[in-house]
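Trainee: Based on these hints, arrange chain B on the given structure of chain A.
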Amino acid sequence: MVDATPAPLVNPRAGQVALRWLLFAILALFALFYLMPLFVMITTSLKSLDEIRSGSLVALPVQVTFEAWRTAWSSACSGIQCEGLRPYFWNSVALTVPAVAVSTLIGAVNGYVIAQWKFRGANLIFSLMLFGCFIPFQVVLLPMARTLGFMGVAGTIPGLIFVHVIYGIGFTTLFFRNYYVTIPVELVKAAKVDGAGFFRIFWSIFMPLSLPIMMVTVIWQFTQIWNDFLFGVSFSQAGTQPVTVALNNIVNSTTGVKEYNVNMAAAIIAAFPTLFVYAVAGKYFIRGLTAGSVKG
Amino acid sequence: MAAWLERNVPRILLAPSFLAVLVFVYGFIAWTAWVSMTRSRLLPKYEIEGFIQYERLFAAPRWDTAMNNLFIFGALFIVVSMLLGLLLAILLDQKIRTEGALRTIYLYPMALSMIVTGTAWKWIMNPGLGIEAMVRGWGFDEFAFDWVIDPDMAIYAIVVAAVWQASGFVMALFLAGLRSVDEEIIRAARVDGIPTWSIYSAIIIPSMAPIFLSAFIVLAHLAIKSFDLVIALTGGGPGYATDLPATYMYAMAFSRGDIGQAASSAMVMMTVVFAIVVPYLYSELRAKRG
Chain A
1 MVDATPAPLV NPRAGQVALR WLLFAILALF ALFYLMPLFV MITTSLKSLD
51 EIRSGSLVAL PVQVTFEAWR TAWSSACSGI QCEGLRPYFW NSVALTVPAV
101 AVSTLIGAVN GYVIAQWKFR GANLIFSLML FGCFIPFQVV LLPMARTLGF
151 MGVAGTIPGL IFVHVIYGIG FTTLFFRNYY VTIPVELVKA AKVDGAGFFR
201 IFWSIFMPLS LPIMMVTVIW QFTQIWNDFL FGVSFSQAGT QPVTVALNNI
251 VNSTTGVKEY NVNMAAAIIA AFPTLFVYAV AGKYFIRGLT AGSVKG
Chain B
1001 MAAWLERNVP RILLAPSFLA VLVFVYGFIA WTAWVSMTRS RLLPKYEIEG
1051 FIQYERLFAA PRWDTAMNNL FIFGALFIVV SMLLGLLLAI LLDQKIRTEG
1101 ALRTIYLYPM ALSMIVTGTA WKWIMNPGLG IEAMVRGWGF DEFAFDWVID
1151 PDMAIYAIVV AAVWQASGFV MALFLAGLRS VDEEIIRAAR VDGIPTWSIY
1201 SAIIIPSMAP IFLSAFIVLA HLAIKSFDLV IALTGGGPGY ATDLPATYMY
1251 AMAFSRGDIG QAASSAMVMM TVVFAIVVPY LYSELRAKRG
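Chains A and B supply the protein sequences, listed in that same order.
Going by the working numbering, the first residue of the first sequence is number 1, and it counts up by one from there.
Going by the working numbering, the first residue of the second sequence is number 1001, and it counts up by one from there.
With the rest of the complex left out, here is chain A (with noise of 0.2 Å):
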């Protein structure tokens, strides 16, 4: 509670009072600071070009429309290509989604071996996958930009693939140990003497136990992966872009008239999934973060 500050002539409950709506006043003040961009956003979509340049950033729709929205999805121009963001969006959505559950898979069972099945030497590999976890990616741009030319996988989807799971393994592996190691070893000890070997326990006590770490997991790699544009705009080529690196190109087209609302309806389709999951699963996105953060 936040105290009355003394003040001797002034009924300490109504100084009480004024301060919590002080407060009140300061927490709507940023509220509105941070929900200003996504509004405009929202409103910007569904005015014309007209009524964009007439009035204000921050009036609402005098006339909604939905044109932008539809251009954006399937005729927003980037250079000479008019397809809108509609194939990107495909893009993103597959190479997300393998690129998400292979490495979380291989994340679960990394952590398995580094926190349950001890050897020796494991601990400094674990160090050295944290290490890579903060290099910053364009340390490796070049060799990888030359080693997924090697591979034939060159501005290909699955060579995008191939790089999100490739530096998504610190992440999930870390994320993955660090719950694992919360679980007494006496568990695999006592599975062990009942003749279950290292699958069995796996599957049968450490994935039902996974759900909260598997659901971490999946929420950090989607929105990493899903936002990222520096592999996107490195390792793609005309026709595999990723949603990011196209509504890159849409808004920074410098050909026709600068179409605002529909750079705006684009920006939202480009967010909106992983807005619906922080939406929906909020909890686990900020327990990701945290973890993330102070632990690696």
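I should point out that these hints are in silico values taken from the structure, not numbers from a laboratory.
Please read these numbers as outputs of a predicted model, since none were measured by experiment.
Misleading hints may appear alongside valid ones.
[As the list claims (entries may be wrong)] Here are some chain B residues pointing at chain A (derived, C-beta under 10 Å): (1) W1004; (2) E1006; (3) A1133.
Glycine included, every Cβ here is placed at the ideal spot set by N, Cα and C.
Mentor: Coordinates of chain B only, in the frame set by chain A:
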């Protein structure tokens, strides 16, 4: 054979990831380090020539701008995000009934792509139609807010967008920290009649030192890697006014065909990151084992 397999399953399963990290992280860093010592231009060359690329880099005015920008952007971004995050956390810590909803609102930008953030703020700060036009519409004809097109101010426009995106996350970190402070100590202080603000400044905040450190590390890391936001908001412009090391590296690697410069700038970026992160990680790992 079966027994050997059984005993070595954990090792065998970890081996591919270990190899991948060895090659794609450490091997690639070594490759970049090597190439940064050569005369590589459009194609990599492998004859070591010494530090010529670094000499070129440090003599390049564009790199100079990029490093200056990183310093300005990084310092402001970290300090403002931390202050704002701490303020919001303390305000939210006053037993607010709508805390859950407010937290959700403060934190949602973190779920967005930097490209989306950049696109939104580029529109909001558009001089002809954004905030400037809006305030002029209210009758303030002289009002100017054209940071995105002003070479001297554009970097601050990026700070605004970056703080908007990351400060809610810092709030979440600090709020978790505030909640982990021992209730008993706070209650005892209250019983002794110590005013709320000094409970915060003398007891709670000092005990959160490790959280300040992690927030700093995360924000510094974000600042050095900042790339998407600049690309979407200003494209590095006007001119090179908002270039950061990451955009410099990208331009050298993919549009200028100057692999030597790209490699050496990437190595400098990594050095900066590691100078900040390694001592922290090292102490974390040691603390865990001890």
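Trainee: Of the numbered hints stated earlier in the document, which are not met by this structure?
Mentor: Checked against the structure, the only hint that fails is number 1, while the rest are satisfied.
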